[in-house]
Amino acid sequence: MTMLAVENLSIAFGGVRAVADLSLAVQRGELLGLIGPNGAGKTTLLRLMTGVLVPDTGVVRVDGRDITRMPIHRRAQLGFVLTHQVVRPFREMSLLENVMIAAAQRQMRNPWRALVSVDTREARERAMRLLERLGIADAAAKSARSVPLGYLKRMQVARALALDPQLLLLDEPLAGLNYTEARRLADLIVELNAGGLTIVLVEHNLGEVTRIASRLLVLHNGATLAQGAPREVMARSDVRSAYLGGESVAFA
Amino acid sequence: MDYYLSVATFAALNVVLALGLNMISGFCGQVSLGHAAFYGLGAYAAALCSVAGVPFVASIAVGILVAGAFGVVVGFAALRVREDFLAIVTMGVGFLFLGVVRKQSWLGAEMGISKIPSPLDKTGYALLAIGAAITVVLLSLHVRRSWMGRAFDAVAQDEDAARTIGVDVAGYKTTAFLLGTATAGLAGAIYAHMTQLIVPDAFNFVQSITILAMVVVGGIGSTLGVVLGAVLLTVMPELFRFINDYKLLVYGALLLVVMRFSPEGLAGLYRRVSGRRLA
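So the protein sequences, as listed, match chains A and B. Each residue of the first sequence is one higher than the one before, counting from 1 in the numbering used here. Each residue of the second sequence is one higher than the one before, counting from 1001 in the numbering used here.
A few chain A residues facing chain B, derived, Cβ under 10 Å: (1) 81; (2) 91; (3) 92; (4) 112; (5) 115; (6) 163.
Just some of the chain B residues that point at chain A, by a computed CB distance under 10 Å: (7) 1143; (8) 1146; (9) 1153; (10) 1163; (11) 1166; (12) 1170; (13) 1175; (14) 1176.
Estimated spans, in silico, between C-beta atoms of each pair: (15) A:125 x B:1057: 43 to 49 Å; (16) B:1135 x A:17: 56 to 62 Å; (17) A:142 x B:1004: 46 to 52 Å; (18) B:1243 x A:146: 37 to 43 Å.
It should be emphasised that the hints constitute simulated quantities derived from the structure, not laboratory data. No experiment lies behind these values; they were computed from the predicted model shown. Every residue gets a Cβ at the ideal spot worked out from N, C-alpha and C, and that includes glycine.
Make a model of the complete structure from these sequences and hints.
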């Protein structure tokens, strides 16, 4: 069943067509890997899906409903959650507080309701469990400006999960993590997906994407170059040449 | 005795004004250089009502509502422009207010509004102003503790990130402006009745900068720090008369010194000395 559909989406930045007449469908419960060389339009596509950018033409639908112009925070409240490629923590807050603020989304939905909500216990406990799940509970009290990138990357995933997403859009969650950390986080992504969460993953770590994605979609110059089962897609010569500018090197 | 009462009243009104600005700038991170305009809106609205025969309490309520309503409108501007541009816009709002008031004969133009009915005596106004200040202090402390305060904090730190975790940035910004400017309207309404005479110049740019200086000297974001800053900057010109003549110069210098040596103001000094954070 299609959860998210993108239809004939285009956007140009000063003459450069970053996404060109692109259509794709994300099925409920799948783990879609979105890959492609730098500048292929992957991040732009994610931003169009979450509303950070508004397309020049085309439609974004969730369960058939047009959400192309819905504001970002409303989409987040609906469970459409994006993690950024470059982590954007609230730097003056601790890791725990960063996740808490997402966990308290219900209390904060409306400013007046937020004014009368002072109880932090529930959000604190939930945030703590998420930090534990991501393996960064040891740094819960540390300020977001003082922890290494690997922690921030995982905090961001915890923060996204705190929103109870239906659809998680991960923009290079593994970048900046070492081999073990990346492997652990990739395993967690699989686990989340197995629990029913639909995930779109943009990632340059091709080894991990091919390992965990249920379907792979290759973007090139803002359009779909190939899609299908990960191994088959990676075996295609046009995919390899798009990635490597003609050289053929074995992947994974 | 009368003199001390009037200093206390002004100190309390300044606490209300400074905490209102702190709600907008300290909590929610939105610059405003035109806070005096909302003080003036409250004063003029309440004065007009009272002169027209509306009861005292209702006039004060109108002052609060009018200032708050205009505050929301300016809050909408904060959705379009950020930081230095917002500073210019809010400064413009201040000048626009003065420009309009000065030219409107029904607002008394340069002469302002006089013979405003005054139902209370000096002690009454002092108690009213102090009561208002205590209420706003409690509100401010409460906001900080509530999820609204945390949402404000998220908006202040990174509004794009706040949006992606579902925070209604626009809603929170306008709420901050509403709360901050409505309290300024309250201060204006009390002020108008107490002095029985208001003129446009009482709400000019120097007044906006004075309020800002109170917030910055006290420690932007810290309720108790801002209270301290407001009281200090009310009492200081009384102790050193010459400050009144060079207000803009002295406050300008003060802002510079604080920004350079203790950007967190008195609240920051307190934290460094005691190791604890001031609420």
